[in-house]
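The lines below spell out each chain.
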Amino acid sequence: MLEVRNLAINFKVGSGLLTRKRLLKAVQQMDFTVAAGETFAVVGESGSGKSTLARAVVRLVQPANGSVHLDGEDLTALSGARLRRVRPNLQMVFQDPYASLDPSKLIRDIVAEPLAVHGRAQGAELETEVLRLLRLVGLDAHHMARYPHEFSGGQRQRVAIARAIALRPKLLVLDEAVSALDVSTQNQILNLLEDLQREFGMAYLFISHDLGVVRHIADRVAVTYLGRIVEQGPTKRIFEAPAHPYTRALLAAVPVPDPKRQRANREPPLSGEIPSPLDPPSGCAFHGRCPFAQPVCREQIPVHEQLANGGSVACHVRPK
Amino acid sequence: MTDTSEMTGAVVQASPSALRRFLRRFARQRLALAGLAFVVLLTLAALAAPWIAPYDPLAINLEIVLQGPSASHWFGTDELGRDVFSRMLFAARVSLLAALQAVVIALLIGVPPGLIAGLAGGYIDNFTMRATDALMAFPPLILAVAIIAVLGPSLTNAMIAVGILLSPTFLRLMRATTMSVASETYVEAARSIGCTESWIITRHVLPNVVSPLFVQISVFAGVAMLAEAGLSFLGLGTQPPDSSWGAMVGRAIRYIDHAPSLIVFPGLAIAFTVLALYTIGDGLRDALGREVRTES
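In the order they appear, the protein sequences are chains A and B. Going by our numbering, the residue at position 24 of the first sequence is 24; the numbering climbs one at a time, nothing skipped. Converting from the second sequence to our numbering requires adding 1000 to each position, the first position being numbered 1.
Source of the hints: derived by calculation from the structure; they are not laboratory data. Please note that a few of the clues may not be correct.
Listed below are the simulated EDC-like cross-link pairs for lysine to aspartate or glutamate, each with C-alpha atoms no more than 20 angstroms apart in a straight line [to be verified]:
1. A:Lys12 / B:Asp1125
2. A:Lys105 / B:Glu1188
3. A:Lys105 / B:Glu1184
4. A:Lys21 / B:Asp1125
5. A:Lys260 / A:Glu240
6. A:Lys170 / A:Asp195
7. A:Lys170 / A:Glu38
8. A:Lys170 / A:Glu3
9. A:Lys170 / A:Glu73
10. A:Lys320 / A:Glu240
11. A:Lys105 / B:Glu1197
12. A:Lys236 / A:Glu305
13. A:Lys170 / A:Glu194
14. A:Lys170 / A:Asp71
15. A:Lys25 / A:Asp279
Computed from a predicted model, the values in this text were never measured in an experiment.
Work out the full structure: start from the sequences and follow the hints.
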């Protein structure tokens, strides 16, 4: 249903007044598909380009290269009114529910806005639909005449979800949609998302840095590092048999509530920070931090190879 | 008195409207309320001047020139024996109207380009801001005198000059707030659901940029009143037989030895009104400030 091919997104950074503007390659050569009704997670550290990817999929940023097809239609080729016409099919829930709701609007108007903009309902019908949506996400009629600042983070995210599903999208992009919430609220929102998916058959593009959450909710996972996907595959395979040294390091960093297994899990720890995407390393971007790095890693960018047990990995070494 | 800013999401109470919340927060500020009461009373008095003034402000009586305050002439009489209290009531109309004119002109000149510059960015923003810099680089009084020299001395022309001088601040304020609001996530969110740009500007950007504007308006009403007083004092504003407080101070200065009270009353009127407008501005700023975010 969603097909992302060879996607690249660049930003120009710097003032350009005294220094030359530099090109920040936030996302490079990303390929993946999301099937209808499926949850596809993209994980990575901050700076790995995953939020930029989310914003490109809903066309808030224009990619430099590549394509995003939704049901065969290339979104990157659309603009203006034609783009607005397809927007109902793919909606987004943002990371910070404190910033994503207009503070000057009532909850009723926030949830009604997508319906009003696309002329789906008006008057009493609109009111009924807003109430139905609020009830779907666990809110009620008395919340309608409130302002966002009167709500907790979890409640605000419920409002954001109600608004995002108002147009019955085929794909919901969830950009770190639960990471700003505390753990118990996280679980409530995740359960809500699962319920909604069962009911409406939406596909989720789930952007997160939280492996525990991803393991719980995702069908398939892509691991990103410095703007590239380094490994992707079914969730079970990724978590049980990670193929890329970076994935292995990430998984080893997740604490396990059992000291013996925790010790057994331990990989050589990752050293250093994620490099600047302004000045990415040559070859495999991970080679500077990889405990298994070989000379070839410095020179050639690894290409994705299919794995027998599902998915693909981009690594020259592929340690056992 | 309950405070919404301390309210957490878990214990949400009946919701007051935005206006009522603002009014409640404004009403908590005594000084701003006093300022508002003063300006409202003054405005009413100015509007009712023809009915409440004890004397004709233009009636000359050379037998009672330059008298100090008395029971029959509360604020004394001027060099032509006219009643100062009556003249001040009529002058208040001129002074208030002048301040209003200047602020409206400044808003008309400053707000639309500020909004456009903030939204458009790039070359348009650059051009607008450099033009503003050039305007601000002129010494204000000289620029005002130059504008009046071109347009001729009259109160309206003086206020056009003051309006032009005040407009860069409105422009910059609008540009800065528009820029920050336009980069808010809720604007991006509106775009992602498929709102048109004009919908986003009218429904999301404008409602969120007007608060700082209101604060600036009340402060600038005070500034404009001072500027009018200054220009009228120099003879570049209000022309006789009309009079504003500034013009009254200007004329009174010649008789400061014989009748010091002549300068005191219009001077105090200017000072108190400007002060009142500033305190309203302060109160608005505090009442319109964002609610403290509460975490869940």
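Consistency of the hints with the structure:
| no. | hint | result |
| --- | --- | --- |
| 1 | A:Lys12 / B:Asp1125 | 18 angstroms, holds |
| 2 | A:Lys105 / B:Glu1188 | 15 angstroms, holds |
| 3 | A:Lys105 / B:Glu1184 | 14 angstroms, holds |
| 4 | A:Lys21 / B:Asp1125 | 19 angstroms, holds |
| 5 | A:Lys260 / A:Glu240 | 17 angstroms, holds |
| 6 | A:Lys170 / A:Asp195 | 15 angstroms, holds |
| 7 | A:Lys170 / A:Glu38 | 10 angstroms, holds |
| 8 | A:Lys170 / A:Glu3 | 13 angstroms, holds |
| 9 | A:Lys170 / A:Glu73 | 13 angstroms, holds |
| 10 | A:Lys320 / A:Glu240 | 13 angstroms, holds |
| 11 | A:Lys105 / B:Glu1197 | 18 angstroms, holds |
| 12 | A:Lys236 / A:Glu305 | 18 angstroms, holds |
| 13 | A:Lys170 / A:Glu194 | 15 angstroms, holds |
| 14 | A:Lys170 / A:Asp71 | 10 angstroms, holds |
| 15 | A:Lys25 / A:Asp279 | 9 angstroms, holds |
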